[in-house]
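Just need the whole structure built from these sequences, with the hints factored in.
Protein chains in written order, with the working numbering: chain A, 1 to 334; chain B, 335 to 614.
None of these hints come from the bench; they were simulated from the model.
There are no misleading hints in this set.
No farther apart than 30 Å at their CA atoms in a straight line, the calculated lysine-lysine pairs in the DSSO-like style are these:
| hint | chain 1 | residue 1 | chain 2 | residue 2 |
| --- | --- | --- | --- | --- |
| 1 | A | K231 | B | K594 |
| 2 | A | K271 | A | K307 |
| 3 | A | K228 | A | K299 |
| 4 | A | K65 | A | K91 |
| 5 | B | K361 | A | K266 |
| 6 | B | K551 | A | K132 |
| 7 | A | K329 | B | K581 |
| 8 | A | K237 | A | K266 |
| 9 | A | K226 | A | K299 |
| 10 | B | K550 | A | K91 |
Partial list, derived from the structure: chain A residues whose beta carbon lies under 8 Å from chain B:
| hint | residue |
| --- | --- |
| 11 | A114 |
| 12 | L121 |
| 13 | G144 |
| 14 | V152 |
| 15 | R196 |
| 16 | A315 |
| 17 | E327 |
Even for Gly, the Cβ is constructed at its ideal location relative to N, Cα and C.
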Amino acid sequence: MTNKIKKSIWVFGDYRNYFQNRVTLQLLARARELAPKIQAEVCAVVFGCSLDEYVGEYIAHGAQKVYVTDHPVLKDYNVETYSVLMEKLVKTHNPEILLTGATYFGREFAPRVAKRLHTGLTADCIGLEINKDGLLVQTAPSFGGNLLAEIVTPETRPQMATVRPGTFQEIPHDYNARGRVINIPLPDNLPKPGVRLISSQKLPQREQRLEDAKIVICGGRGMGSKTKFKKLFELAKIMEAEVGATRPAVYSRWAEHEALIGQAGKHISPKILFSFGISGAIQHTAAINDADLIIAVNKNPNAAMMKMADVAIAADANQICSSLIRELKKRIRE
Amino acid sequence: MLKLIVCIKQVPMVSELPWDSRTNTLKREIADGMINPGCKHALEAALQLKRQYGADITVITMGPPMAEEILREAAALGADRGILLTDKAMAGADTLITSYTLARAIEKECPGFDLVLCGSCTSDSETAQVGPQLMEELGIPGAAYVENIQLKNRTLIMKRESDDFLETLEMDLPGLVTITTRQYAPGYASLAGLQDAFDKADIRKLSAGDLNLDIKKIGIKASPTKILKVYSPSAEKENIMLKGSAKKIVDTLFEKFGDKISGAIGKDLKTHDHEENDDK
Chain A
1 MTNKIKKSIW VFGDYRNYFQ NRVTLQLLAR ARELAPKIQA EVCAVVFGCS LDEYVGEYIA
61 HGAQKVYVTD HPVLKDYNVE TYSVLMEKLV KTHNPEILLT GATYFGREFA PRVAKRLHTG
121 LTADCIGLEI NKDGLLVQTA PSFGGNLLAE IVTPETRPQM ATVRPGTFQE IPHDYNARGR
181 VINIPLPDNL PKPGVRLISS QKLPQREQRL EDAKIVICGG RGMGSKTKFK KLFELAKIME
241 AEVGATRPAV YSRWAEHEAL IGQAGKHISP KILFSFGISG AIQHTAAIND ADLIIAVNKN
301 PNAAMMKMAD VAIAADANQI CSSLIRELKK RIRE
Chain B
335 MLKLIVCIKQ VPMVSELPWD SRTNTLKREI ADGMINPGCK HALEAALQLK RQYGADITVI
395 TMGPPMAEEI LREAAALGAD RGILLTDKAM AGADTLITSY TLARAIEKEC PGFDLVLCGS
455 CTSDSETAQV GPQLMEELGI PGAAYVENIQ LKNRTLIMKR ESDDFLETLE MDLPGLVTIT
515 TRQYAPGYAS LAGLQDAFDK ADIRKLSAGD LNLDIKKIGI KASPTKILKV YSPSAEKENI
575 MLKGSAKKIV DTLFEKFGDK ISGAIGKDLK THDHEENDDK
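Set out below in structure tokens:
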């Protein structure tokens with residue numbers, strides 16, 4: 001009889017930033033790849049108000065079943081209410097795996113759900129596999145990505161992970177795809193949330209954000225002064241890049257807080273990262289591990305930043321910056 | 335008076351990891367411990383509440399005996415007392431079990447607390463999970479990634495930026511917040527303060543037995559997550575070193591990576607030989 005119950009992999013439908021953050025679709029794609037290895041079906045779970053559009057999108061991107069609770073009470077994301085709903089749903093249907101995007105909301109929500117279910121949770125994963133025992137192997141960075149850990153949850157269920165956006169590729173949409181939609185009514189006895197939302201204001205979308213930039217030019221203390229740091233903006237303009245900064249550079253007011261790259265600031269994943277005069281403290285390197293190509297310039301060839309770079313340039317950061325500007329001006333023709 | 339609790343953690347103080355490539359392990363024993371940077375911001379938020387309204391601050395940590403140092407440092411910064419949960423039976427706990435252990439200690443040692451403050455993330459394991467799980471375990475409301483808190487009578491007004499939304503939230507005390515590193519810049523302990531803290535700070539050490547904890551419910555064995563392996567990805571990187579004159583370096587850079595740079599910029603970067611001499 002137990003054989004008849006099909007396993008399932010669930011993906012939490014995090015749609016609040018749907019047009020910028022497609023992590024739910026990326027997770028559905030990965031879930032579809034993993035599902036055959038444990039004979040599972042892929043389900044999306046979505047809470048909120050007026051959800052038809054998202055339900056359709058999830059099916060078009062690989063969800064075979066969608067659990068939906070659609071109610072005006074759920075219009076705003078509320079971590080307490082959503083945790084209660086998810087706990088109830090999981091206890092009824094016993095998914096094998098539950099994945100959540102590592103958005104701010106996801107990283108607050110998933111730990112609370114895991115606690116309510118008394119199961120394991122791995123944070124901010126950058127890899128998911130199924131091993132020969134049928135367990136979800138979750139790769140998570142620690143020490144700023146300088147170490148990676150492979151983590152499993154052997155005993156308790158579901159196996160839970162939050163996954164960093166951009167880790168997996170979404171599959172192209174297929175509006176002919178069929179999926180079952182299961183409407184779950186809002187329970188009558190929902191507890192009143194202890195935290196009340198007073199106001200929520202969508203921040204204006206910046207034209208290009210550091211997080212999305214193809215090239216990031218990042219400067220640190222080794223640039224020497226605000227005037228010299230300004231050169232990086234000139235270089236960035238030529239390369240249509242964005243400028244990032246380390247904490248010492250931000251504290252010296254060479255760059256705005258918005259430019260801070262690090263554990264306390266922005267995480268970036270550019271195609272190319274130029275790193276000028278940065279020693280490579282873990283708080284900074286934590287946030288740059290997803291860069292495809294790292295070109296670091298530092299006078300000290302033994303700096304931590306130089307060791308993690310693909311190309312380490314042992315030289316004065318200002319000279320290399322100026323030289324790059326000259327060379328690019330020659331090469332880029334209108 | 336407000337009763338505040340700040341949860342802090344000792345993390346290795348390293349700018350470069352002492353990675354042993356022979357054994358593929360981290361040489362933790364040579365990495366000195368410091369207060370996790372994120373936790374210092376939570377402590378600063380508590381200290382500002384203390385300066386504004388008057389408060390009694392208890393800092394609490396779970397860790398090896400050496401973690402006592404960070405409690406003393408917190409005392410030097412202005413905390414009133416420290417509690418160290420230290421027991422071999424507690425070691426290796428994941429976030430689920432850490433939050434369980436911390437909650438039992440808070441309930442037993444700090445009844446009637448008003449607000450628990452945590453950092454939003456640690457620099458070692460980076461899960462950001464203990465705070466939210468502690469809210470559940472203590473059964474109190476709370477919010478993560480909070481940037482600013484203001485107290486109005488018994489109501490805490492919280493501001494945060496979350497997934498590109500600027501949010502204002504409020505909750506009645508008791509509650510829990512995890513504080514980001516955006517606004518509360520930590521201060522420095524004075525030498526005299528440090529000296530005092532090391533001589534006479536009120537630090538209590540508690541074991542699993544002191545808290546009447548069932549050892550089957552704590553530590554590595556009770557933790558549902560298991561670590562299969564840990565490895566260093568940087569060991570797998572090709573690391574090219576370029577030296578020489580700036581001109582030579584930049585030429586080499588375009589020679590080797592010109593296509594990649596060109597692709598990222600979306601513009602052709604062919605050389606124009608007749609102008610090569612301009613800067614020489």
